[in-house]
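Asker: For the protein sequence lines, the chains are A and B, in the order given.
Sequence positions in the first sequence follow the numbering used here and run 1 to 430.
Sequence positions in the second sequence follow the numbering used here and run 1 to 495.
Among the clues, some could well be false.
What the hints assert, rightly or not - Which bits of chain B does chain A cover? Going by a derived footprint, with three or more residues having C-beta under 8 Å, they are:
| no. | stretch |
| --- | --- |
| 1 | 196-205 |
| 2 | 286-293 |
To be verified - Here are the simulated lysine-lysine pairs, BS3-like style, with alpha carbons at most 30 Å apart:
| no. | chain 1 | residue 1 | chain 2 | residue 2 |
| --- | --- | --- | --- | --- |
| 3 | A | Lys378 | B | Lys491 |
| 4 | B | Lys202 | B | Lys288 |
| 5 | B | Lys491 | A | Lys269 |
| 6 | B | Lys361 | B | Lys187 |
| 7 | B | Lys288 | B | Lys116 |
| 8 | B | Lys116 | A | Lys307 |
| 9 | B | Lys441 | B | Lys361 |
| 10 | B | Lys308 | A | Lys389 |
| 11 | A | Lys307 | B | Lys187 |
| 12 | B | Lys187 | A | Lys269 |
| 13 | B | Lys288 | B | Lys187 |
| 14 | A | Lys179 | A | Lys269 |
| 15 | B | Lys315 | A | Lys179 |
| 16 | A | Lys355 | A | Lys307 |
| 17 | B | Lys315 | B | Lys288 |
| 18 | A | Lys389 | A | Lys405 |
| 19 | A | Lys405 | B | Lys288 |
| 20 | B | Lys202 | A | Lys405 |
Derived by calculation from the structure, the hints in this document are not laboratory data.
Here the structure is a predicted model, which is why all the values come from computation and not from measurement.
Using N, Cα and C, we set each Cβ at its ideal position, and we do this for glycine too.
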Amino acid sequence: MPYLVHTEHDREEMLAALGVESMEDLLIDIPTSLRVDRLNLPDGLSELETMAEMHGLADRNRVFPDRLTFRGGGVYRRFIPTAVAAVTGKPEFYTAYTPYQPEASQGTLQAIFEFQTLIAELTAMDVANASLYDGATAVAEASMMARVQTGRDEILVAGYVHPEYVEVLRTFSEGRGMKVRRGDEPNPRTAAVVFQQPDFLGLLVDARGLTERAHAAGALAIACVDPISLAIIAPPGEYGADIAVGEGQQLGLSPSFGGPHVGFIACSKDLVRRLPGRLIGSSHDSLGRRGFVLTLTAREQHIRREKATSNICTNHSLCALAASVYMTYMGEAGLRDVADVSFRRAHSLAERLGKLPGWQPLFPERQFLNEFPMIVPKSRQVMRRLSRKGILGGLEVGRWFRELKDVVTFTCTEVNDPAAIDQLVEALSA
Amino acid sequence: MTEPLSFELSRAGVHEPRLPAAGVDAPGPSDLLPREMLRQNPPELPRLSEPETMRHYSRMASLNYSISEEFYPLGSCTMKYNPVANEAAAALSGFADLHPYQDEEFAEGALELMWKLERALCEVVGVDRVTLQPAAGAHGEWTALRMIQAYHRSRGDRRTEVLVPDSAHGTNPASAALSGFEVVEVKSGPDGRISLGDLESKLSPRVAALMLTNPNTLGLFEREILDVAEMVHATGAMLYYDGANLNAFMGVCRPGDMGFDAVHMNLHKTFTTPHGGGGPGAGPVGVKAELAPFLPHPTVERSNGHFKLDHRRPKSIGRVRSFYGNFGMLVRAYTYILAMGGDGLKQASLDAVLSANYLRKQVQGVLELPHAGPCMHEFVASAHNLAPQGIRALDVAKGLLDRDFYAPTIYFPLVVPEAIMVEPTETESKATLDAFATALKDIVQEAKTNPERLHQAPVRTPVGRLDEVGTARKIGAYLSGQSDDPILRWKKPSN
Chain A
1 MPYLVHTEHD
11 REEMLAALGV
21 ESMEDLLIDI
31 PTSLRVDRLN
41 LPDGLSELET
51 MAEMHGLADR
61 NRVFPDRLTF
71 RGGGVYRRFI
81 PTAVAAVTGK
91 PEFYTAYTPY
101 QPEASQGTLQ
111 AIFEFQTLIA
121 ELTAMDVANA
131 SLYDGATAVA
141 EASMMARVQT
151 GRDEILVAGY
161 VHPEYVEVLR
171 TFSEGRGMKV
181 RRGDEPNPRT
191 AAVVFQQPDF
201 LGLLVDARGL
211 TERAHAAGAL
221 AIACVDPISL
231 AIIAPPGEYG
241 ADIAVGEGQQ
251 LGLSPSFGGP
261 HVGFIACSKD
271 LVRRLPGRLI
281 GSSHDSLGRR
291 GFVLTLTARE
301 QHIRREKATS
311 NICTNHSLCA
321 LAASVYMTYM
331 GEAGLRDVAD
341 VSFRRAHSLA
351 ERLGKLPGWQ
361 PLFPERQFLN
371 EFPMIVPKSR
381 QVMRRLSRKG
391 ILGGLEVGRW
401 FRELKDVVTF
411 TCTEVNDPAA
421 IDQLVEALSA
Chain B
1 MTEPLSFELS
11 RAGVHEPRLP
21 AAGVDAPGPS
31 DLLPREMLRQ
41 NPPELPRLSE
51 PETMRHYSRM
61 ASLNYSISEE
71 FYPLGSCTMK
81 YNPVANEAAA
91 ALSGFADLHP
101 YQDEEFAEGA
111 LELMWKLERA
121 LCEVVGVDRV
131 TLQPAAGAHG
141 EWTALRMIQA
151 YHRSRGDRRT
161 EVLVPDSAHG
171 TNPASAALSG
181 FEVVEVKSGP
191 DGRISLGDLE
201 SKLSPRVAAL
211 MLTNPNTLGL
221 FEREILDVAE
231 MVHATGAMLY
241 YDGANLNAFM
251 GVCRPGDMGF
261 DAVHMNLHKT
271 FTTPHGGGGP
281 GAGPVGVKAE
291 LAPFLPHPTV
301 ERSNGHFKLD
311 HRRPKSIGRV
321 RSFYGNFGML
331 VRAYTYILAM
341 GGDGLKQASL
351 DAVLSANYLR
361 KQVQGVLELP
371 HAGPCMHEFV
381 ASAHNLAPQG
391 IRALDVAKGL
401 LDRDFYAPTI
411 YFPLVVPEAI
421 MVEPTETESK
431 ATLDAFATAL
441 KDIVQEAKTN
451 PERLHQAPVR
461 TPVGRLDEVG
471 TARKIGAYLS
481 GQSDDPILRW
491 KKPSN
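I would like the entire structure built from these sequences, with the hints used as guidance.
Answerer: Below, the structure is given as C-alpha cells:
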C-alpha cells in the first residue's frame, strides 16, 4: 500500500487518543447489513508490476508516428515544444487545487489570467473565460448563453460542424429548453447560428455572411474556430461574431485518445455576465501589490444554485496552462509559421492526391487551410492498406454523414515533412 | 513577491521559434485566400525567449501552494497525494500519442483499460455499468440526472421535481435545474442528517429523484439510508449518489447496496488524479441495470476477447462530451487502482476516517463542533465561538495560510454558520495532523490576544488579502462603458 502513511503504531496511538478500541467503533453509524468484508478486486501491486501492466496495455495500442499521421477530425498532431511539459509537469501547478484562496494560488491565477488574455487576443474578442472541458461542451455552453440572452429557443447549426459537437449540443439542449436545427436560414425563433471555421471537412465557410445573416434575424453568431488558423485567417472579432469557441488541443496538448483537452470561450462585452465557468480578474492588496482573483462569482452555481445557467464548477486549468505556455513560446510569428507551413504542405498533398486515379477533391471550388476532403474510391480498403504500411491515413467521414460516403479528409501539419508526404503518395500509388 | 505578466515581459525583436521550412512547392495563404478572409490585425501575443518563458512560469509556480508541498485540509475536496507513477503511465506513448479516431483494432489496449476501469469502479460502488465520459463531477451529476429523466420518460412518466438536501453542494441544484427539473429542498434535522419527516412531505409522484451525498457534507453517515431508499423507491423515484465523499468507505460499504441507482465519482478526488489547479478531472457515473440502456454512447464492450466501442444504443441520452472522456485521467485512476488493490483502497478509507476523527478530537474545545461524532472522512467545525473577538471563518482560513497550511473549506455547508470543513485524507501523517491542530490553537489564541493581526493575515504569502469587491466593481464599470480597462485581461497600453 504504497501511498498510505500511517504505521500500525500510529493507528494504535490515534485510536487510543480517541478512546476507542478499534476502527469498528468509528464506523458504528453504518448499518451492519451494509458492511462488506472486502472488495472483489485483486490486491495491490508493486510499482514494478503496476507499470508492467500499464506498459502492456499501452503496447496493445498501435501508435502511428507523428509524421505519418494524416488523420485529424478535431484532434491533430502538432509540434509540442519541450517547454510545455516542463511547465505542466511542475507539481506546484499540477497538484494545486482550484484557486479558492487567492493569496496561496497566485501562480495558477496569473497563468489563467494570461490564458484569458491570449484567447481574447487570438479570437479578437473582448473577454475570454478560464477554459471549459472541450470544444463540444464549449459549443453547448455558448448556445445556452445565446438562449438566455435572446430568450429564443432555437439553435441553428450551419454546415458541417463537428458531428460529435452537435451530438453533445443536442444532449445539452434537452432540459435547457433549446431545440437544435440544421440549416442556414435563421428565423425569429433562432437564438444563435453556430458554424465552424474551417468546418469539420476542413473547408472555409463564409463566416462573415453567416454572422450578418444571424444578426439580421436578431440572433447571435457563434463561431467555433481552430485556434492555429487564427494566426492567418480573420478571427471572430473581425467579422463581428458574438461568441467565439473552440478546441484548444492543438495548442500544445497530446492526442491522448481524445482527452483531456481544453475548450475555450470568448465573447463580446455585452455577454460577459452570461459567460459560464471561472473568470479571473486583476486586483491588488492593501499594500498596492497586484494579484489575481476569481471574480464575478455571482454568476456561478455555488451562489445561484438552481438559478444558475451553467453547472460548470472547475475548468481545464492545467490544459489551459499548457496552451498558454505554447502560445507564449510560439508568439504571433511562431503561430503564423505553423499555420503557413501546414497550409503549404496540405495544398501540396491535395494536389498530388487529386492526380491519383479516381480520386478527386470534394467541393473543389472551396478554400481550405490544412485539412481537406477527397472522394476516394474504395476508401475503406485504401485506408486499411495504408495502416498496414504504418501510415494513419485520412478520416472517413461517411460514418457521420450518409451523403459523404467514400469521402476522406486528410490533414497536414508542420509534423508531416515532405518525405512523409512522398511516402504517403507512394503508398497510395503502389 | 509578484511576477510581471508575460505581456509586460515581452520585447520586440526577440528571436522567433525556429520551425522547419515548408519544403514543398505550394502557394501560401495570401496567394490563395481572398483578402477579406485573412486576418487584418495580428494578435498581441507576448514575445519571449525560451529562457525567459521558462523562468516566468517557474516563478509563477513558486507563488502556488500545492499538495506536493502543503497540507490541504479542504473538506469535500479529498486532496490526497497524487502518485507520480500515475503521471508516468499517462505519459506512455501508447496512451498519450493515440488518436481518438484510430481504428478500434489499433486501440485495443485503451479500450481494454476503459473496460477494466469500468469493472473496478462497478465493484467499488456496487453498480452494474459505468460511463467514463463526463469530464468533471458536475458534468457527471448532470449526466446521471439526464439518464434518470430518460428512464422515467421511457415509462411514460414525466416527473418534474428533484429533491436536494439543504446541505448539498451547489452543483446539485444547478445540475437538476439544467436537466429541466424543478428543485425542491429537503431540510436537515438537528443532528445534521436528512429529516425523514421533511423528506416524506416532499415525496410525491412528481419527484424523479433524490440527490444525496453519503456521508453527507457534514461528514456524517446517513444512518437511515435504507429507510430513505425505501421511501424514495416506493414513490417510483430514483436515488442519486453524489460521489464527492466516496473516500469515506471504499471496501467498507457501497452506495449500490444502500439503494442508490446512479452514482457519480470524482476520479480527481477518490482516485488521486491531480487537480491541476482546477481541472482536468473526470466524473464517471455508475448505474444499476435499469438505467444502463440510457448511458451516453459509445460504451466499451467485450466480445470474443476483443474490446469494441458500441455506438448503437437506441435509448442512449446521447453524447455528453466529444470522444471518450478525459482518457488521460482514466489512465491515472486505473494505475492507482492497480497499485492500491482492493485491500489498499479499503485501508485508504479506514485511514481517512481515522485521521478525520483524530483531528476532530484535537480541534475539540478549540473550535465549535456543532454535531456529535464519530465523523466519517471529514468533519465540520464552526468559528462561531470567535465571534466575540470579531473573528470569522475567513480570518481563521487566512491565518492558516501564514502558518504554511492551505485553508479548509469555509462557509460550506451553508447549514452551519461560520463553517470550517476539514478533510485530512489518508496521505497526511499524524505529525502533520498534530501540527495543523497546533496551528489552529495558535490562531484561536491570537484571536483572543491580537485579533487585528488575524484580520491582516495572510502576511507571509506573495500577496495579502485582495480587494475582490473592488475588482468586481471595476469590471462593472468596464461593462457599463465607464472604463476602458476590462480587468479580466491584460490590454496593451494605448500610447
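Asker: Could you run down the list of hints and mark each one as holding or not?
Answerer: Okay, the hints, checked on the actual structure:
As drawn, the stretch 196-205 of chain B meets chain A at 0 residues by the rule of a beta-carbon pair under 8 Å; below three, the given contact is violated. Against chain A, the stretch 286-293 of chain B contributes 0 residues with a C-beta closer than 8 Å to a partner C-beta. That does not satisfy the three-residue criterion, and the hint is violated. Restraint check for A:Lys378 and B:Lys491: the C-alpha separation of about 53 Å exceeds 30 Å, so the hint is violated. Of the supplied pair hints, the one linking B:Lys202 and B:Lys288 holds, its CA atoms being roughly 24 Å apart against a limit of 30 Å.
For the suggested pair B:Lys491 and A:Lys269, the alpha carbons sit about 14 Å apart, so the restraint of at most 30 Å is met. Annotation: proposed proximity of B:Lys361 to B:Lys187 holds, straight-line Cα distance about 27 Å (limit 30 Å). Between B:Lys288 and B:Lys116 the CA atoms are separated by roughly 18 Å; this keeps the pair inside 30 Å, and the hint holds. For the hint linking B:Lys116 to A:Lys307, the alpha-carbon distance of about 38 Å lies beyond 30 Å, and the restraint is violated.
At roughly 13 Å between alpha-carbon atoms, B:Lys441 and B:Lys361 fall within 30 Å of each other, so this suggested pair holds. For the proposed pair B:Lys308 and A:Lys389, the alpha carbon gap of about 23 Å is at most 30 Å, so the pair holds. For the proposed pair A:Lys307 and B:Lys187, the alpha carbon gap of about 19 Å is at most 30 Å, so the pair holds. With a CA separation close to 40 Å, the supplied pair B:Lys187 and A:Lys269 exceeds the 30 Å bound.
Between the alpha carbons of B:Lys288 and B:Lys187 the distance comes to roughly 27 Å, so the proposed pair stays at or under 30 Å and holds. At roughly 26 Å between alpha-carbon atoms, A:Lys179 and A:Lys269 fall within 30 Å of each other, so this suggested pair holds. Among the hinted pairs, B:Lys315 with A:Lys179 is consistent with the structure: their alpha-carbon atoms are about 19 Å apart, no more than 30 Å. For the suggested pair A:Lys355 and A:Lys307, the alpha carbons sit about 58 Å apart, so the restraint of at most 30 Å is broken.
With a C-alpha separation of about 15 Å, the suggested pairing of B:Lys315 with B:Lys288 holds against the 30 Å cut-off. Using a Cα cut-off of 30 Å, the hinted pair A:Lys389 and A:Lys405 holds, with the two alpha carbons roughly 24 Å apart. For the hint linking A:Lys405 to B:Lys288, the alpha-carbon distance of about 38 Å lies beyond 30 Å, and the restraint is violated. Distance hint between B:Lys202 and A:Lys405 is unfulfilled; the C-alpha atoms sit about 54 Å from each other, more than 30 Å.
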